[in-house]
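Engineer: Numbering (our numbering), first residue to last: 1 to 561.
No lab work stands behind these hints: they were computed from the structure. There could be a bad hint or two in this list.
As the list claims (entries may be wrong) - 25 Å max Cα-Cα, derived DMTMM-like pairs, lysine to aspartate or glutamate: (1) K387 to D417; (2) K217 to D262; (3) K492 to D417; (4) K455 to E70; (5) K544 to E206; (6) K492 to D431.
What the hints assert, rightly or not - Pairwise CB distance ranges (calculated): (7) D506 to L236: 20 to 30 Å; (8) R170 to Q66: 31 to 41 Å; (9) S172 to D22: 27 to 37 Å; (10) G61 to L214: 50 to 60 Å; (11) I18 to G535: 54 to 64 Å; (12) T394 to S77: 35 to 45 Å; (13) P464 to S77: 11 to 21 Å.
Every residue, glycine too, gets a C-beta built ideally from N, C-alpha and C.
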Amino acid sequence: MDRIAAPAVAAAGPEESIARQDSTVAIVAFVGLAAALVLLFPFPPVLDYANHYARIWLLSGGIGEQPFPEIYAVDWSRTFTNVGIDLLATWVGPLVGADRLARALLFLAIVLPPLGAIGLHRALFGGRHYWQIAILSLGWCATMIGGFINFQIGLGMALFFACADLRLQRRSPAVVFAWRLVAALLLTVMHIFSLGFYMAIVCGLEFSWRFDILRSKAGLVRLAGRLALATGACVLPPVAFYLRTPALPNADGNGLTLSWNDGVALIAINLLSAITTYIPLVDVVLVLPLILICTRAVRAGDIRVHAGLAVAACGLLFLSCVSPRHMLGTGWISWRFPIMAALVGMAMVCPFANLTRRQALLLALVVNLAVFGRTGWIGWNWWLAQKDVAAIETALKKVPPGAAVLPLGHEPETMDDLAHSSRHFFVWGEDTFRHLPTLAVPFSHAFVPTTFTAKGKQPLSVLPPWSEIAVPEGNLVSIGVLSCPAMMDEYKGFTPYLSDWRRRFDFVLVANADIPDRYVGTLMPAGLTLVEDAGFAKLYAIDKRMPAEPLLISAGCARAS
Numbered sequence: 001m002d003r004i005a006a007p008a009v010a011a012a013g014p015e016e017s018i019a020r021q022d023s024t025v026a027i028v029a030f031v032g033l034a035a036a037l038v039l040l041f042p043f044p045p046v047l048d049y050a051n052h053y054a055r056i057w058l059l060s061g062g063i064g065e066q067p068f069p070e071i072y073a074v075d076w077s078r079t080f081t082n083v084g085i086d087l088l089a090t091w092v093g094p095l096v097g098a099d100r101l102a103r104a105l106l107f108l109a110i111v112l113p114p115l116g117a118i119g120l121h122r123a124l125f126g127g128r129h130y131w132q133i134a135i136l137s138l139g140w141c142a143t144m145i146g147g148f149i150n151f152q153i154g155l156g157m158a159l160f161f162a163c164a165d166l167r168l169q170r171r172s173p174a175v176v177f178a179w180r181l182v183a184a185l186l187l188t189v190m191h192i193f194s195l196g197f198y199m200a201i202v203c204g205l206e207f208s209w210r211f212d213i214l215r216s217k218a219g220l221v222r223l224a225g226r227l228a229l230a231t232g233a234c235v236l237p238p239v240a241f242y243l244r245t246p247a248l249p250n251a252d253g254n255g256l257t258l259s260w261n262d263g264v265a266l267i268a269i270n271l272l273s274a275i276t277t278y279i280p281l282v283d284v285v286l287v288l289p290l291i292l293i294c295t296r297a298v299r300a301g302d303i304r305v306h307a308g309l310a311v312a313a314c315g316l317l318f319l320s321c322v323s324p325r326h327m328l329g330t331g332w333i334s335w336r337f338p339i340m341a342a343l344v345g346m347a348m349v350c351p352f353a354n355l356t357r358r359q360a361l362l363l364a365l366v367v368n369l370a371v372f373g374r375t376g377w378i379g380w381n382w383w384l385a386q387k388d389v390a391a392i393e394t395a396l397k398k399v400p401p402g403a404a405v406l407p408l409g410h411e412p413e414t415m416d417d418l419a420h421s422s423r424h425f426f427v428w429g430e431d432t433f434r435h436l437p438t439l440a441v442p443f444s445h446a447f448v449p450t451t452f453t454a455k456g457k458q459p460l461s462v463l464p465p466w467s468e469i470a471v472p473e474g475n476l477v478s479i480g481v482l483s484c485p486a487m488m489d490e491y492k493g494f495t496p497y498l499s500d501w502r503r504r505f506d507f508v509l510v511a512n513a514d515i516p517d518r519y520v521g522t523l524m525p526a527g528l529t530l531v532e533d534a535g536f537a538k539l540y541a542i543d544k545r546m547p548a549e550p551l552l553i554s555a556g557c558a559r560a561s
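Using the sequences and the accompanying hints, generate a full structural model.
Structural biologist: What follows is the structure in structure tokens.
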């Protein structure tokens, strides 16, 4: 059914005629506000962004500056997907500059997914309904704050391509097939998950508005044929790339390395990734009114639903529950599906399309408060994080070109401090400052071992002998690793650069240094000289002449074992 029930407002008198809804002003305001945030805060608390920025800078021409020709190389045969921003950095970066390009990509990662969902909603339902303002709320989610830039842009592309697909469905099958091949090719290059998202939407649109098709054998046969053609067109490009590429994610041969959300509580937490940012309780409070609008519309009988997209949303929701959290050297796979399901879910419904003027004004007020309240919350956290970025920049001014910087951090006891809410996000308390030390690459022309260089995901590689102290992806390890032998042994497997760190590195850069480490407080091993104390960031010079001595083991090390 395209409408659950007849709208109650149909019986309204002439003085209460149905109001005309227009979401355009709010959408433009949101886009402008997102642009302002990106312009005002060059390095917001978005987890992967600083690392992407360093790679964009290198690919935009920085790799030709000393000492990087001896450290990095570019090899496009390393991967065939997840390279959208890398290609843009190579082609566009030298023309516009790495900083402008990186900010533009961050802006697109924020606005493209909700704008694409709004475009699909308008194509399906017509008009500029106030519900489209509510869709803007999905510009803020865990994958956005996690800095999954390629993924986020890919989601927006998939939704806009689906709008074009919807318009082309009346054309000849050959035209539609050719279009889907082109769309699949572009999405494969941007991010493989965005291709899967596009396939889910296209199959939902092919299913059509109603479930009546399931009652006809001829209709089912036609539907199966259309779905097979759509799937075939979308699968051909990635299969062709796969057959030609020499490297896939986790190409180092560590197996699937599966990690699951095994339990109802973990699955529920994973589903929250569609809406959560820095403090989940704040996000839930601000999203709850949007959920209540839908439930109220169902009770009032004024809601339209696209049946095919409802099936697609249910399929994505199922994948959200059963997907592994980590696999093939790729983290947070299960985070990707809840936001997909949420985007399709909000695009497939049109609640309260028929309201009196007073009711429409109330609806507009509620959705605007919810959406711009969330955006204001994001802006507060981005402003809060700027002093941390300034501290990193201050410390990096003391690092000479060509130096090797070992990034470490203070792991806090708790992560619920409102004064530092920007430093962690999502329910699991993921830190947002983990990759800030990689800014040493563009700012100091120094080497950091954790710049993204994963085979199967990035074209950038590390040359020997630097490759001996580099990892393709890395976390920010606690400073306790330098004082706690058990912790050092635990981390050596995936942070090999810690072996013989005194000889291999020139400086230790400590992030989150204004909060005591849960294991060793502020204790640092002998042979480190404090060069810069900027509060959040501390820089220590390593005395390479100091002979190895027995560690002064902190009592807190017992907690790490």
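Engineer: Would you list, in rising numerical order, the hints stated earlier that this structure does not obey?
Structural biologist: Of the numbered hints, 2, 3, 5, 7 and 8 do not hold.
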